[in-house]
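**Student:** What follows is the residue order along each chain.
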Amino acid sequence: MEQVRDRNGGPQRFVIELIVNGDPRTVVVKPNTLLVNVLRDRLNLTGTKKGCELGDCGSCTVLLDGEPVDACLVLAVEADGHEILTVEGVAQNSQLDAVQQAFIDKAATQCGFCTPGMILSAKALLSRNPHPTEQEVREALSGNLCRCTGYTNIVRAVLAAAEGQPEVRGA
Amino acid sequence: MYLPDFDYYVPADVREASAMLARLNGDASVLAGGTDLLPYMKNEVMAPRALVSLKELNELREITYKPGTGVAIGARVTHNGLVRSPELRQRYLSISETAHAMASYQIRNRGTIGGNIVSAVPSADLPPILIALKASVTLESSRGTRTISLENFFTGPRRSVIARDEILTQITIPDEATTGSVYMKFGLRRSGALAVVGAAVSLVATGTRVEQVRIVLGAVAPTPMRALEAERLLTGASVTEALLREAGMVAANECSPISDIRGSQEYRREMVAVFTRRAIRKALEQTAVVKNA
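Line by line, the protein sequences are chains A and B.
Quick note: the first sequence uses numbering that gives the first Met the number 0, first residue 0, plus one each step.
Quick note: the second sequence uses numbering that gives the first Met the number 0, first residue 0, plus one each step.
It should be emphasised that the hints constitute simulated quantities derived from the structure, not laboratory data.
Because the structure is a prediction, the values reported are computed rather than measured.
Beta carbons are placed, not taken as given, at the ideal position from N, Cα and C, and that holds for glycine.
To be clear about the criterion: a stretch of chain A counts as covered by chain B if any three or more of its residues have a C-beta under 8 Å from a C-beta of chain B, and this derived list gives those stretches:
hint, segment
1, 18-31
2, 56-67
3, 72-80
4, 131-141
Next comes chain B alone, as it looks inside the complex (with noise of 0.2 Å):
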């Protein structure tokens, strides 16, 4: 397979790759690992007239956390770097479980947080914990910054609200109060497979009462989604084996999974309520662990 012919450019800085961006009028893509852009790039999907490389922005691959303020992700920190991330492992574990649970060992060394975001891939598996946790984004050009939460971010497959000549630079996840967070993924090998379902959940609870909780559903509509009825159903309440069940149902009947290659629309349903249960209750034991600490 061959990659078609493109101009390269590598910026030195964000202004510049914005600058470069904008000169290009929505001919060219941002480079960031690649495992993304260059598949789609080899099986003809597209063919853009240059790339733009980020391989020189290096204050994009940190991560610092502030006590109060939350962690600021920089958006080319790669899969593999957020599973190994103290900081991530510390406090907002559910984020490097859910990287870890990407593709391959060698394609979580090359694709970057950022990447997947931007890809707005409908299964991608980081924008649902990441909206659970109220993740934010920060798009750059050289005509500003702006900050969007990321749940306003995508709008539908393969598109979002980024600018031509923007640059994802940072994901920020607030310092806030969760007693559990999880992300759980439904492929069909353990390793190297798209979610056919994807359930985030993150919540605040005591022992079995929620009081706040968050319920993000991957792959199964055009852009990843919160499960509002199921939210609403749970908030408040005393969880039980049976409020668990029509949970599952509520958010089954929210989304509008396609039938594909991987399932079809009534076994993605299904599914769903399944990993919305699955995912409820293994919050849920992170909460009794948490009181019991």
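Pulled out of the complex, with its shape left as it was, chain A reads as follows (with noise of 0.2 Å):
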């Protein structure tokens, strides 16, 4: 990790590379610059959200290096060199993947806010658990508050996605 020299004394900065969804993307920041803010500001990608900013809420969730955290309790200069999936390299060209197709199928979405975080949550507790129960999907989300569905069809969706089943409208 490189360390811009400021000949003005000024904060330190640093020269970080994150790969994000795929891509190596390369941003200078400083050290109290936070992983949720490089996403949505520099990355232009909003889809990780900011809802309590202190880890109890979930919807900054992202996958670094596959594995669920609070972005917004993650320093830039942390995650320096490391993978990092956001809600939007979910879908594969253009295909929606198996858990954001089940979540429009069983209307897990209402305002939406929860959402991308709930979908990763998913798609890591899938990728270690293919066969979740509905307790072990409870668990799953249970970093990640929705204050619209009552969680239903979330938990839902993310059995049916395991299920691989197809959807059959108004089922």
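The task is to assemble the complex, starting from two chains supplied on their own in separate frames and drawing on the hints.
**Tutor:** And the structure:
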């Protein structure tokens, strides 16, 4: 991690590289720059949301080397050299992935604010546990709060994605 | 919310980290997972001039078990690391289960056992079970290394014996016989909750006869505390429901909870009695399983 030399003696700045949704991105940051702000403000990836900003709500959830973390509590400098998946990186070639499609099919989204975090937590769950029980789904998503849906359809969507069920409208 | 400005240093090893902390003379904080430190800074409770990051200290991420000696847990092991560790799940399952009850999956991927200890928050979940299991901690600095019993580490809310230039590097749990150990956490939610009361029990029993017992309470005193009177009551005794009730009441009288947003002092005392009983019962159930295995 290279430090940018400042002849005027200002705050430290570092050049960091993040691999975001498969692409290497280089940014210059200060020590107190948060990962969530790099993603949203520098890279225009505003799918990652800021809710509580203290690690309680999970709306800022991203996958760091495949594992869900709250991006509001990760310094950008700590993420240097690591892989980050945001919700924008979930769909492949404009094709929604199974979890995303299931969220639509099961009406698991109302205002949508928790949805990016929910989808990433769900994807991480299904990577490590392809056939979770309902309890396991609820536990895995317990770091993502939703104020709209009451979670029922979200849980149904994740279970459906796990089953790989094709969805019939109205079923 | 914004973090205040600070300088950021990444030492290559523990010695360098300690030298940096010494040079910064108390105006620096150690950055491990950051899940306690960053919210604290965002809430403007503290604004250290510098953070010393442990991110290059990979030797602190290891867990090693040696028969006869015990298990050494690196301070940078994350809570999910504790949950998943085969060494812990096999021999010290109560630690894995305690870690699993903490915060959220996202936080558990960043927060570390070392951070949970050094933060010295009275409601921290790992200290009670670690103390019940007779854990000790290794503190290293460029001046040398010392190991102290975790029971003697805490001195008050968010205060401990750690020196300004010391890094907590390892937690060691001896390979001692225990027939049952458990941590029961009472929180207002099943996830993402601080403990209102935490009760850890580790015992050696034959059937319902208790030979040795350690009871450690969290969240109901300035630091994690042993319920010594309750322990004395149970040592050498055959446990009955009546004795459990008495032990619970004794433990409730030993602690000194406060009233706060999560519960009143009176309610916490009541819950200490309940959760002490439940924890002892659970540890005895494990004992029965061990016997029948």
